[in-house]
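Keeping the supplied structure of chain A fixed, place chains B and C upon it in accordance with the hints.
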Amino acid sequence: MNKWLASTALAVCLATAAAAQDYTPDPNAKPGGSITITYKDDVATLDPAIGYDWQNWSMIKSLFDGLMDYVPGTTTLRPGLAESYELSEDGLTFTFHLRKGVKFHNGREMVAEDVKYSLDRVTNPETQSPGAGFFGSIAGFDKAGEGKGLEGVKVIDPQTVEITLSRPDATFLHVMALNFASVVPKEAVEEHGADFGKHPVGTGAFSLGEWTIGQRLVFAKNADYWREGVPYLDGVTFEVGQEPVVALLRLQKGEVDVPGDGIPPAKFTEVMNDPEQAARVVEGGQLHTGYITMNVTQPPFDKPEVRRAVNMALNKERITQIINGRAVPASQPLPPSMPGYAKDYKGYAFDPEAAKKLLADAGLAEGFETELYVMNTDPNPRIAQAIQQDLAAVGIKVALQNLAQANVIEAGGAGTAPMIWSGGMAWIADFPDPSNFYGPILGCAGAGEGGWNWSKYCNEALDAEAVKADSFKDPSDPARLAMWSEIYTKIMDDAPWAPVFNEQRYTMKSPRMGGADALYVDPVSIPVNYDYVYVTE
Amino acid sequence: MSETTMPPARNRTAGALDRLLRRKLAVLGMAIVAIMVAAAVFAPLIAPYPPAEQLFDGLTLEGAPLPPGGAYLFGTDLLGRDLFSRLLYGARTSLVIGLVANGIALAIGTLIGVTAGFAGGWAGAVLMRLTDLMMAFPALLLAICLAAIFTPSLWIVALVIALVNWVQTARVTYTETSALVAREFIAAERTLGAGPGRILFLHILPHLLPTVIVWGTLGISTTVLLEATLSYLGVGVQPPTPSWGNIIFENQTYFQSAPWLVFIPGAAIVALALAFNLIGNALRDVLDPTQRGRG
Amino acid sequence: MIAYLLRRLIQSGMILLGVSFVTFLLLYVLPADPVRQIAGRSATAQTVENIRQQLGLDQPFLVQYGRYLGHLAQGDLGRSYLQKTEVAALIGARLPASLLLMAGGIACELAIGLTLGVIAALRKGRALDHGLMLGSFAVISAPQFVVGLLLLYVFAVRLDWFPVGGYGSFAHLVLPALTLGILGSGWYAQMMRSSMIEVLRADFIRTARAKGLGRLRVVLRHALPNAILPIIAMIGIDIGIFMGGLVVVESVFGWPGMGQLTWQAIQRVDIPIIMGVTLVSATAIVLGNLLADLIAPMIDPRIRLR
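Chains as they are written, first to last, in our numbering: chain A, 169 to 705; chain B, 2 to 296; chain C, 88 to 393.
Treat the hints with care, as some may be off.
[Claimed, not checked] Listed next, the stretches of chain C that the computed footprint assigns to chain A, with coverage defined by at least 3 CB atoms under 8 Å from CB atoms of chain A: (1) 119-130; (2) 133-139; (3) 177-187; (4) 246-255; (5) 354-368.
None of these hints come from the bench; they were simulated from the model. The model shown is predicted, which means the values in this text are computed figures rather than measured ones. Glycine is no exception: its CB is placed at the ideal position from the N, C-alpha and C atoms.
Isolated chain A, as found in the complex (with noise of 0.2 Å):
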């Protein structure tokens, strides 16, 4: 299942253009044809600041590129708009060397500026982006809202930027690989103001043809891409509001090429029992965690006891099978696909009369009562009872709180709910980097009133661990990735979480498809690169 290259081969202090871990074009793509995309919610916005949904996470990434970029199926970094960068010795400053030539789809040549322009508008309060928390290690980030633009960011001359870290942060080129991290036009941004989101103007391989707010977008191919031979599509319409039942039939007809948003769960069985259709569907890992969290403010989950005994009452085997098999059980809070993953932690294992003791050992032998929050769309809920019966075979009684995702997110962040179900809300990676599932959801950081750590755990001696180890340059430094697998590892004895399962991605195609397998479960662009697809008819 381990489709990583298990570390990124970037040269720290000098990368050129890296020809050699680059991707190696199919050789049977032609370019030329259209596809045909499905999903069921609408677009919200095309603003690389502002989108931070499932549907548009990919979509934006085919319009809009960023200074660095991922080698395509893979999570490995590669250069993107920045053709080569350096970092200082004190591992504080970036120096990006943009390419030369890229062009805007509005004609315009991008230049340095227009980066400034970019990061300056994302960390800007008024833009209110849900990505600028991630651009926190750019010196005078606490500053951006006073209408001066980041200091930290210098235009040196057109072709080069300089980037300047209030400390050491490893993630960093994963965080220029962000979709918010993208270049934008300044003229194009201040002519459609807030509407940027429905006109959006990139570099990318793709530039928006089309958009009926509630109904499809066509995409038209970017003849001028600065990279060579992509994409081989002509265009990619975008049918929103399609159920996914609907989206699999028509699949099966030959009308839709991908359904975006999977093959429906009362469809799986009979798709997979299927050999033609089974043969279309490519299932890949996905950096995601299904978890509980328990609030260690709380009594009695205070008690780490309890914690572990709560993780020992899961039968997660039960809870995947609730959901076809499209997970596996998960031990820690890393999902097997990410770098840092402890692959020799076992976790808890299912062990109901080892929880019964562990209860009765804190004090609560005849169990007690709590509640679990969750979201209230199918499967959450359904989840949740699952749960709530694992729970009451050892004492422990479970009210379930099924809301609106507003209310529950908003339940964890002011820590009145004792229980949390991830799912609905779950943290998918924003980028392939251990540290991620660390700071907003298990560190201090996270922790205050708000904050989307809803277990409220804050261990201020791993907080100085994960520090150190996003203070290496290499993200992928064998040693900082050890530190991160003892991070996850310590917490898991402290049991702030009962992780549950790492959902997989399952997606199918139409016969006419091509492309490498690895495109169709891309970690980074989900559900399909749509840059590198191509069509064999």
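Okay, now just chains B and C, sitting in the frame of chain A:
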């Protein structure tokens, strides 16, 4: 109301049951209700399994539910629970909500309607503008918002439904009360020195009784449907407490491959709502032939 | 007439103001913070506070409401918190689909309801009449999601006559419109039946029959127009009933209308969208009722505008 002298209320109610029993549709309705009530009351005795127990062999290895027949009369749901047992307990939910929510709605509606009609003037106008305001709300939207504000539980759902559903009763009782107040015999009583309390309890409320009974019965049907819809949207009665609406909510993604999970509870909802509609409609014909209109 | 209309319009305005106030209040006390939704999971406390100030959500309730009304008075429904698009544009993009669905629903309920009502009236007291009336009660008692899923299962999944969902062609419209209209068709069948029975008893019909005119001719040319008139006024009221049904029907069929927009907005406390949709719906309901009241006296001179 064309008659000028109102016959004593008792005469209209007396013999109503006899006349009701002569109507086939009403009898059908009462039979359905009787069956549902029996199912709800005796659920613990009839149900072959606990309604919330996720049975180990209730799912196939791939996690699919089992079809009707075999060990499970109506099959199992997506968590491997016995659908028949859940339906029996679901009848409890529907009936409890139907009675409680509708009882509250009826009480609020009658209180506001009668007060507005009886007091008239400024207070009456304010109360009736309030009902106009409620009429202008998209009911479902309001219910969803209310359900989101309060943490959902059986009683909260009942309360939310009541808060949305009192308007019709208020309007009808208002119209009737104001008509009664304007009538000669009330004026005569007043000149004879009867206090407002005496008039209200001796003359107005008894005359309203048939209307309240009719609307109360029809209202149960509306309530059952609203509960089902809220639960279907996931903001009503919360699992694992079974309600026919939330059974459909939990299982609808499978409705193509496991239609029984949607259509058996669906049929139960229709049957119960239909029963109260039939009874209510017959009651209206029997008790109060002048009242007609949309529910 | 003009004075009446003016008074009713002012009243309607007051009602809408009330609706806006109550909804705004409900959303204000909602235990969910829209800023958290906007700021995302990696936001610092500072970012959250900045956004709160930007949106004026740190202000007291009455200030916020006053500001909303101020913008509303200029025809500005605000911008969606999460989509960052004008609410008016979002509603505008969704409204045609919902209106189409409602028009289809009205057509279905009238076509089915009136036809069956006439047939029942003509067969009054016979088995067909009883059957139709029982049927009309059954459809009134059926929740829309059950009807929708049933139609979908039978006509789309099993028989494959219609698409399973989606939007764009007439075939897509049939099942959702039928689902939306079937509830009302029960009411119309019942009303049409009683109205028709009343008209058939009237003297002029007896005269026409006595003159020797054919039964069908009498029914179609004389009875039907008279029986239909009182029912037309009800269409205005349907609008209100449909507004509630849209959320359910659109979600069952994946219809890209206002119902879906509303449902997503509620899930994510996108207050400007919820406010906008509520106001548009309430306006439609109020105007529908006004229309019904205005049409009634034109059809039936016994009814006076008060």
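We went through each hint and held it up to the structure:
no.: 1; hint: 119-130; verdict: holds (count 11)
no.: 2; hint: 133-139; verdict: holds (count 5)
no.: 3; hint: 177-187; verdict: holds (count 4)
no.: 4; hint: 246-255; verdict: holds (count 6)
no.: 5; hint: 354-368; verdict: holds (count 3)
In terms of the numbered hints stated before, the structure departs from none.
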